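S.K.: Take the sequence shown: its letters are residues 1 to 316, numbered as in the UniProt record's numbering.
There may be inaccurate statements among the hints.
Pairwise CB distance ranges, derived in the manner of DEER restraints [as the list claims (entries may be wrong)]: (1) Thr80 / Phe175: 34 to 44 Å; (2) Asp104 / Ala53: 13 to 23 Å; (3) Asp104 / Lys150: 23 to 33 Å; (4) Lys143 / Asp172: 12 to 22 Å; (5) Asp26 / Asn287: 13 to 23 Å; (6) Gln94 / Val32: 16 to 26 Å; (7) Lys150 / Asp26: 32 to 42 Å; (8) Pro68 / Ile144: 31 to 41 Å; (9) Asp229 / Asp26: 23 to 33 Å.
Worth flagging that the hints you see were computed from the coordinates, not collected in a lab. Computed from a predicted structure; not experimentally measured. In this text, a Cβ means the ideal position worked out from N, Cα and C, and glycines have one as well.
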Amino acid sequence: MLDKEPKTMNMMDEDSMDSISYIFPDNVKPFVNQVAGHEFTKAKPTIGMMKHADGYVLKPVPHPVYGPREINFYKTLETTCDPLLKDLKQYIPQYLGTKTIELDNKDVRCICMEDITKDFKLPCVMDVKIGVQTWEPDAPQEKINVEKVKYAACKKRWGFCIPGFQYYNVTDGSFMRRGKDFGKRMSAQEAIQALYSFVNAEHGIKYGLVASILEQLRKIHAWFRHQRDFLFFSSSILFAYDAENVKLFVDEGESWGDGESSVHNEPDSKISVCMIDFAHVLPNLENKVDTNYLTSLEKLIYVFENLTELYPLNSS
Numbered sequence: 001m002l003d004k005e006p007k008t009m010n011m012m013d014e015d016s017m018d019s020i021s022y023i024f025p026d027n028v029k030p031f032v033n034q035v036a037g038h039e040f041t042k043a044k045p046t047i048g049m050m051k052h053a054d055g056y057v058l059k060p061v062p063h064p065v066y067g068p069r070e071i072n073f074y075k076t077l078e079t080t081c082d083p084l085l086k087d088l089k090q091y092i093p094q095y096l097g098t099k100t101i102e103l104d105n106k107d108v109r110c111i112c113m114e115d116i117t118k119d120f121k122l123p124c125v126m127d128v129k130i131g132v133q134t135w136e137p138d139a140p141q142e143k144i145n146v147e148k149v150k151y152a153a154c155k156k157r158w159g160f161c162i163p164g165f166q167y168y169n170v171t172d173g174s175f176m177r178r179g180k181d182f183g184k185r186m187s188a189q190e191a192i193q194a195l196y197s198f199v200n201a202e203h204g205i206k207y208g209l210v211a212s213i214l215e216q217l218r219k220i221h222a223w224f225r226h227q228r229d230f231l232f233f234s235s236s237i238l239f240a241y242d243a244e245n246v247k248l249f250v251d252e253g254e255s256w257g258d259g260e261s262s263v264h265n266e267p268d269s270k271i272s273v274c275m276i277d278f279a280h281v282l283p284n285l286e287n288k289v290d291t292n293y294l295t296s297l298e299k300l301i302y303v304f305e306n307l308t309e310l311y312p313l314n315s316s
């Protein structure tokens, strides 16, 4: 049950810097580690993700078409007998059902899911949207035109884009957060720089961190090579790790940048790579490979595999 006494919280939009107040139930608050997607903003009447006192994340799904579609996608994975679809569950945050909460005196239906940043002391989070085509095949031309312009430089070169990210620099203790307005202006070179900075590579590539990311990306890639059930549009891969693990390792005088031989000596816990955002997942009626997603994912893997070689090119 929702607590009877509500509370008012002030939110600050990272890009527009417009403040706005919302009335939340006492057991719900804004999810501070959200880096992309719909947010609490003054410019648009959108609702961002929230965190429940019980530890799970609430994703509002108010759209009459896309909301039920995303819920049904999760329910399909919960009830399927298909081994391949069952396998997909390990690559997405745990689905915990739905919940309706009262926000500003309005009922808002939400998807409840696992918080993959739970217990992180210094959460580093990045949202990477997969695919050059981020619109559905039957989208109106106006929508297609808008989507083609967004993140155009990054999508043209790499096949993916970065709507938002945050990270802690383990060397100087600084915190960096960038939202979708920054992401929309990001060049192909700046995308490489963002990935490089996100994994704290300025003072030596973190082989254990990158190796764990690559291992998980390759598993998702292997799944997509075989699946023919769905076409994924405007879906993202979420990267999350605790910089405290990296910081402790560096503070103890250990180096993460001496070579790949150090991979197995590095802490690799609390590194998560998972698929999110399924409002635009459609049935694969032609039973074909989802090349839009798969090709983009392959380029993302290539970038992580060659990060040290690609990054110096940005400064030229």
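S.K.: Against this structure, judge whether each hint is valid.
M.R.: For each hint, the structure was consulted:
| no. | hint | in the structure |
| --- | --- | --- |
| 1 | Thr80 / Phe175: 34 to 44 Å | 41 Å, holds |
| 2 | Asp104 / Ala53: 13 to 23 Å | 19 Å, holds |
| 3 | Asp104 / Lys150: 23 to 33 Å | 29 Å, holds |
| 4 | Lys143 / Asp172: 12 to 22 Å | 42 Å, violated |
| 5 | Asp26 / Asn287: 13 to 23 Å | 49 Å, violated |
| 6 | Gln94 / Val32: 16 to 26 Å | 20 Å, holds |
| 7 | Lys150 / Asp26: 32 to 42 Å | 37 Å, holds |
| 8 | Pro68 / Ile144: 31 to 41 Å | 23 Å, violated |
| 9 | Asp229 / Asp26: 23 to 33 Å | 41 Å, violated |
Of the hints listed earlier, those the structure fails to meet are numbers 4, 5, 8 and 9, in rising order.
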